[in-house]
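In order, the protein sequence lines correspond to chains A and B.
Each residue of the first sequence is one higher than the last, beginning at 1 in our numbering.
Each residue of the second sequence is one higher than the last, beginning at 1 in our numbering.
Don't take every hint at face value.
[To be verified] Stretch-level coverage of chain A by chain B, calculated; a stretch enters the list once three of its residues show a Cβ under 8 Å from a Cβ in chain B:
(1) 12 to 26
(2) 100 to 111
[Said to hold, decoys possible] Partial chain B-side listing against chain A, Cβ under 8 Å, derived:
(3) L58
(4) W115
(5) I122
(6) R124
No wet-lab data here; the hints were simulated from the structure.
For every residue, glycine included, the Cβ atom is placed at its ideal position computed from N, Cα and C.
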Amino acid sequence: MDDVFSTAVKNQWRSLIGMVMAEYAIRISKRSLGLLEELLSLSVITGSMLILRLVTRAPTHHGMPVIPFVISGMILFWMLRTTLFRVASFKTAKGAFRANPRVTSLDVLAARAILNIVFYMMIGFPVFITFYWLGISPFMANPVQVFLLMLLMGIWGFALGLCFGALFVYVPFAKMVVAGLMMIAMWASGVMFIWPEAPYMLRGILIYNPIFHFMELMRTAYFKTYITQMGSWVYVLSTVGVTIALGLMLERVTRKRAQASTQRQGADEDAFDVAAGV
Amino acid sequence: MLKSLWHVLPRRRAKSPSALAPQVEDATPGARVVPSGVDRVRGRGAVVLEGVTKTIGLRPRQTEVLKGVDAIFPRGRAIGVLGEAGVGKSTLVQILTGNMAPDAGRVIHGMRVSWPLGARDIFRKDMTIRANVRLLSLMYGAWAPDMLEAVKEIGKIRTQDMDRPLAELVPDFTVRASTSLCYALDFDCYVADDQLCAGSRQFRDHIKTLILERQKTHSLIIVSKNAAAIRDLCDDFYVLENGIIKTYKNRREAYKVFTGVSLTARVDPRGEASDDAL
Numbered sequence: 001m002d003d004v005f006s007t008a009v010k011n012q013w014r015s016l017i018g019m020v021m022a023e024y025a026i027r028i029s030k031r032s033l034g035l036l037e038e039l040l041s042l043s044v045i046t047g048s049m050l051i052l053r054l055v056t057r058a059p060t061h062h063g064m065p066v067i068p069f070v071i072s073g074m075i076l077f078w079m080l081r082t083t084l085f086r087v088a089s090f091k092t093a094k095g096a097f098r099a100n101p102r103v104t105s106l107d108v109l110a111a112r113a114i115l116n117i118v119f120y121m122m123i124g125f126p127v128f129i130t131f132y133w134l135g136i137s138p139f140m141a142n143p144v145q146v147f148l149l150m151l152l153m154g155i156w157g158f159a160l161g162l163c164f165g166a167l168f169v170y171v172p173f174a175k176m177v178v179a180g181l182m183m184i185a186m187w188a189s190g191v192m193f194i195w196p197e198a199p200y201m202l203r204g205i206l207i208y209n210p211i212f213h214f215m216e217l218m219r220t221a222y223f224k225t226y227i228t229q230m231g232s233w234v235y236v237l238s239t240v241g242v243t244i245a246l247g248l249m250l251e252r253v254t255r256k257r258a259q260a261s262t263q264r265q266g267a268d269e270d271a272f273d274v275a276a277g278v
Numbered sequence: 001m002l003k004s005l006w007h008v009l010p011r012r013r014a015k016s017p018s019a020l021a022p023q024v025e026d027a028t029p030g031a032r033v034v035p036s037g038v039d040r041v042r043g044r045g046a047v048v049l050e051g052v053t054k055t056i057g058l059r060p061r062q063t064e065v066l067k068g069v070d071a072i073f074p075r076g077r078a079i080g081v082l083g084e085a086g087v088g089k090s091t092l093v094q095i096l097t098g099n100m101a102p103d104a105g106r107v108i109h110g111m112r113v114s115w116p117l118g119a120r121d122i123f124r125k126d127m128t129i130r131a132n133v134r135l136l137s138l139m140y141g142a143w144a145p146d147m148l149e150a151v152k153e154i155g156k157i158r159t160q161d162m163d164r165p166l167a168e169l170v171p172d173f174t175v176r177a178s179t180s181l182c183y184a185l186d187f188d189c190y191v192a193d194d195q196l197c198a199g200s201r202q203f204r205d206h207i208k209t210l211i212l213e214r215q216k217t218h219s220l221i222i223v224s225k226n227a228a229a230i231r232d233l234c235d236d237f238y239v240l241e242n243g244i245i246k247t248y249k250n251r252r253e254a255y256k257v258f259t260g261v262s263l264t265a266r267v268d269p270r271g272e273a274s275d276d277a278l
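One chain only, chain A, in its complex shape (with noise of 0.2 Å):
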C-alpha cells in the first residue's frame, strides 16, 4: 500500500511541475505581449491610483508613504483578482490535455495559479526592495508576514476561482458580473484606505470582507508605523480553508459538465482503415 501511495504522490508531483512548466511555456515564454499586457493594466491602475492622491496632495496616508502604500495594497489585489479568473475557465483546462491520463483539469488550474503567485511574488519583493532603495519607502516592517500575506492571497484566489469556475460551468454570463464585483471589491477593500477611515455605517459590513483583513495585516507587515485594529490573521486563515474545500468539491463535482465539450477524442477511425489497407 505504501509503495502504491508513494508511487502516486509521485506522479502527482511530476504532473504538477509539468504542468507548471507547460503553462509557463504557453504564458510567459511564448506570449511575452500577454505578460506586457498584464503589467501594463496594473500599472495603469495603480499610476491612476498615484495620480489621485498627488492631485488632492496626500504624499503620506497615517505616516506611511503613499506609494508603497497604494502599491503594497494593489499587488496583493491584483493578485487575487488575476488568480481568480486564470483559474475559473475549467472548459480549457483539459482541453489541451485530454488524451493524457496523467493529467486533470485540476492539474492544470493549480499549476495555473502556482504560476501567478510566482509571478507576482517575483513583481512585489523587487519592486518594494527598490522602492527602499531609492528611498520612497521604508523597508518591510515583517517581510515574512508580508510573504505569508501574498502566499494566501493566492490560495484563496485559487479556491475562489474554483468556485467561480463550477459557476461559470453552468451560468457562463456570471463572469461578466463577477468581473463588475471584483472592481466594486477594489474600491471597497482598503486598497486606497485603512480601517479608521472606513465610514461608521460601512463597517458592520466591511468588517466581513476577507479583503479587508488581508489588507489591514499587508499594511501591519509592511509599516512600522501602522498596526491594525482590525485584520484578524484567524478569520483570514480560516476564510482561505472553508473556501478551497468548498472549491475543491465544486471542482470535482462540475468536472463531467465542465470536460462534456471536450470529452470525444475526435478519432479518426479511418485512419486505421487505409493503413491497414482494407
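Chain A is already provided as a structure; the job is to place chain B on it using the hints.
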C-alpha cells in the same frame, strides 16, 4: 542507443520469483498460460474491469455506452477488442488508459498502461516536439535526452523539425512523434485504438515490427472495429457489443462471430497452430 531505453525508467521489481507470478490472469476463463518466460513479462497483474458502467453526454441526451463491463486483460497477452462504430470503443480506451473514470464499478491496473498508441491529442499543438517530449518525459519519470533520441530515431524526425511548433508541421509528425515516445517510454501494457499505425507506410511497418517484438514481454490491448487489420497482432479477441464485453472459447470463434468470416491458415498464419491446439 535504443537498447539502453529499456532501462531508462527506474522500476521497482518484485524481490521473490513468486511475487512475479501473474496474480489475476490465472483466474481468466480460457486464458492461455504463457509457457515460458513468465518472469520476464512486464507488470504485476492484469488490467481488470469489474462492473464498469459509463454514461457519456449530459442530460437529457445521455447515452449509457458501457453497461456493467466485466473483463480481464491478462498480463503478457495481446487482446483485441472488436466493436462496431458507436458501441463505446473510444470510451473503453479512455477507461483502460485511466483517462476517464467509470460511473460505477472499478478498474484495476496491475500494469503501467500507456496512453492510446498513436494518439494525436497527447501533444500540445502550440509547443514544439522537443518541448512536448520533455514534458511527457518529466511526467512519466523518464530521462528526457534519451526520449528525444528515441523519438528522432524511431520516428525518423530531423533535428530541425524537433524545434518547430506542431501546428506548423504536417499531422504525420505528431503521429510519428507520439507513437515513438509511447514506445520508448516502455509501458507494461500498450493500449491502441483505431489510430494504431496511422502515418506513413514505412513508419507503420516499422512500428508494427517493434510491437510484435515486444509482445514477448509486454501486454497489448487493441480496441478496433477492423478485425482483419489487427488479427496478426492479437492472441485473443473479445467483442464489445450492447455495452458489454463478450468472451469466446478461442480467437477463431470470436473472430467469426464478429466478422462472419472464418480465420484460416491462409489469412491468419500466426494464430493457426495455437488455435488448433485448443
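Against the structure, the hints:
no.	hint	in the structure
1	12 to 26	holds (count 8)
2	100 to 111	holds (count 4)
3	L58	holds (5 Å)
4	W115	holds (6 Å)
5	I122	holds (5 Å)
6	R124	holds (5 Å)
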